[in-house]
Each structure stands twice: as C-alpha cells, then as structure tokens.
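S.K.: These are the residues of each chain, in order.
There are 2 protein chains.
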Amino acid sequence: MVTLDFSKSDDGLVPAIAQDAETGEILMLAYINEQSWKRTLETGKATYWSRSRRAFWVKGESSGNVQRIKEILVDCDQDTVVFKIEQVGGAACHKGYKSCFYRQVTPEGLKLVGQRVFDPAEVYGEK
Amino acid sequence: MVTLDFSKSDDGLVPAIAQDAETGEILMLAYINEQSWKRTLETGKATYWSRSRRAFWVKGESSGNVQRIKEILVDCDQDTVVFKIEQVGGAACHKGYKSCFYRQVTPEGLKLVGQRVFDPAEVYGEK
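Line by line, the protein sequences are chains A and B.
For the first sequence, the residue numbers in our numbering are 40 to 166.
For the second sequence, the residue numbers in our numbering are 40 to 166.
These aren't lab readings, by the way, just hints derived from the structure by calculation.
Treat the numbers as computed from the prediction; the structure is a model and nothing was measured.
Just so you know, not all the hints are guaranteed correct.
Identical copies go unnamed one by one, so any copy, or any two together, can satisfy a pair.
What the hints assert, rightly or not - Simulated crosslink set (EDC-like; lysine to aspartate or glutamate; CA at most 16 angstroms straight-line):
#1 Lys47 with Glu73
#2 Lys77 with Asp158
#3 Lys84 with Asp59
#4 Lys150 with Asp116
#5 Lys150 with Glu161
Generate coordinates for the entire structure from the input sequences, incorporating the hints supplied.
M.R.: Below, the structure written as structure tokens:
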C-alpha cells in the first residue's frame, strides 16, 4: 500500500481533494486518516474521516450516491491526495450543488456560480 | 472581505487548492491563515502560510514564478478555497513538475504521470 505522511497536521489527517474524473471540476475537499485511506483503496469508494462526527464517512453510503474512484494522485510530500471520481447522482455537496465550491469571491461578496442538482429540503428535510 | 472559518482545524489553517485556471489541472495544495488570505485578496498573488517555516509564503516570490489569481471559489462550509491561477513559469512543484500531483497510485506503487518543466538540481542546486 502506498504510504502517506499523516504526521504533518496536528490532527493527523491528510486532505483529499475530490475531482470530477471527466471534467476536472473540483467537487469537494474532505479529510482522511490511515484507516480511511486503506478502506478507500480496498473498496474503490471514497471514504473520509468526518472531523465533526469523528467517524468514518463513506461518502453517499446511505443515499447510494457514492464516489467511485477512477484514479488517485499523490503530491510530492505525500501529505495530500486527489481522488479522481465519478460522483453517482451528480451532486457532491449536501447543499444540492454539483460542487461544494459553488460560490465565487467578488469585491461585492460571494456570488453564486454553481449548478444545483437537487433541493436539500426535499432530500434531507432541511430548510 | 469574505470571511473564512479558520476554527475547524487544530492549527487554525484552511487548505487552499491551486488549480490551473485554463486547464483545470490541480497544481498543489497549501495552507492559509487569516493574514495570508487577506494578502492574497489584496495583492492578487497566492500567499500561503508555510507550516514548516512558520512564515508567510508568497509562492514564487524569489524566482518571479508567482501564482496570479484569476478566480477564487469558496466551499459550502467556508473552510476550504480554490485559487484558480496562472502559474508563471509553468511549474508549481519544487520538484520541477507542472503539478505537485505528478504520481498516480497503482497496485504496484507510485507511477510517474506528471510533466517535468525544470530540473531542480539546476534551479535550486538540489541533488
């Protein structure tokens, strides 16, 4: 198994960037620890470590909208990875957007530029 | 100024993903604190916080190979940013590659897939 350097950050986590394997669009960033790295490699499904829930997080596990790994890239310091993925269902963001990066910084503040795929109120019952 | 959430990680830093504004290729990931975020917005040049040197880091400041900001995206939680940049000189990685993500994970280990732009031995005097 390819070894990553989990020692760089105080919390022992490494950022994983999920990128659309087809279009190159950056969909989200989440964190992995050694076990989630291992599970991702074994299962072919992006498996993160949720910092808020302090638990493994197979993205889309309950909804079926998983992230199928197509390719993984590792950086020069082996402390960041890129997951090139196929996002089942089309939306990586819990707010219903294709990408979590759906807002652009402008001099006037944040401007919506992303593409909404679903309404979170309908899916999660959120306002 | 758009506010980011620096409270999520133990070290008070937020990851910034540098992406080629033209091609969509992910070039590197580094970290910012509040001051480097401010400086990036003010100067239009990607300014990180070096975790190893514990200092501000205007990428390419000494060589002139800076990262010119073309667009900035912010994620849903406001704890990660994407810098869409023009990489002056063509290489973002100190190893001489266009991208720091020049290696692919394969069952046999890491496979070189990146494009080398310069030889670090000539530029930095490294072996």
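S.K.: Reference check for the pair Lys84 and Asp59, CA-CA at most 16 angstroms: within, between, both, or neither?
M.R.: within (14 angstroms within a copy, 26 angstroms between copies)
S.K.: At most 16 angstroms between CA atoms: does that hold for Lys77 and Asp158 within a copy, between copies, both, or neither?
M.R.: The answer is neither: 33 angstroms in one copy and 33 angstroms across copies each exceed 16 angstroms.
S.K.: When Cα atoms must be at most 16 angstroms apart, do Lys150 and Asp116 count as within-copy, between-copy, both, or neither?
M.R.: between (34 angstroms within a copy, 15 angstroms between copies)
S.K.: At most 16 angstroms between CA atoms: does that hold for Lys47 and Glu73 within a copy, between copies, both, or neither?
M.R.: within (13 angstroms within a copy, 20 angstroms between copies)
S.K.: From the Cα coordinates, with 16 angstroms as the cut-off, is the pair Lys150 and Glu161 best called within, between, both, or neither?
M.R.: This pair counts as neither: shortest intra-copy Cα distance 24 angstroms, inter-copy 44 angstroms.
Consistency with the previously given hints fails for numbers 2, 5, ordered from lowest to highest.
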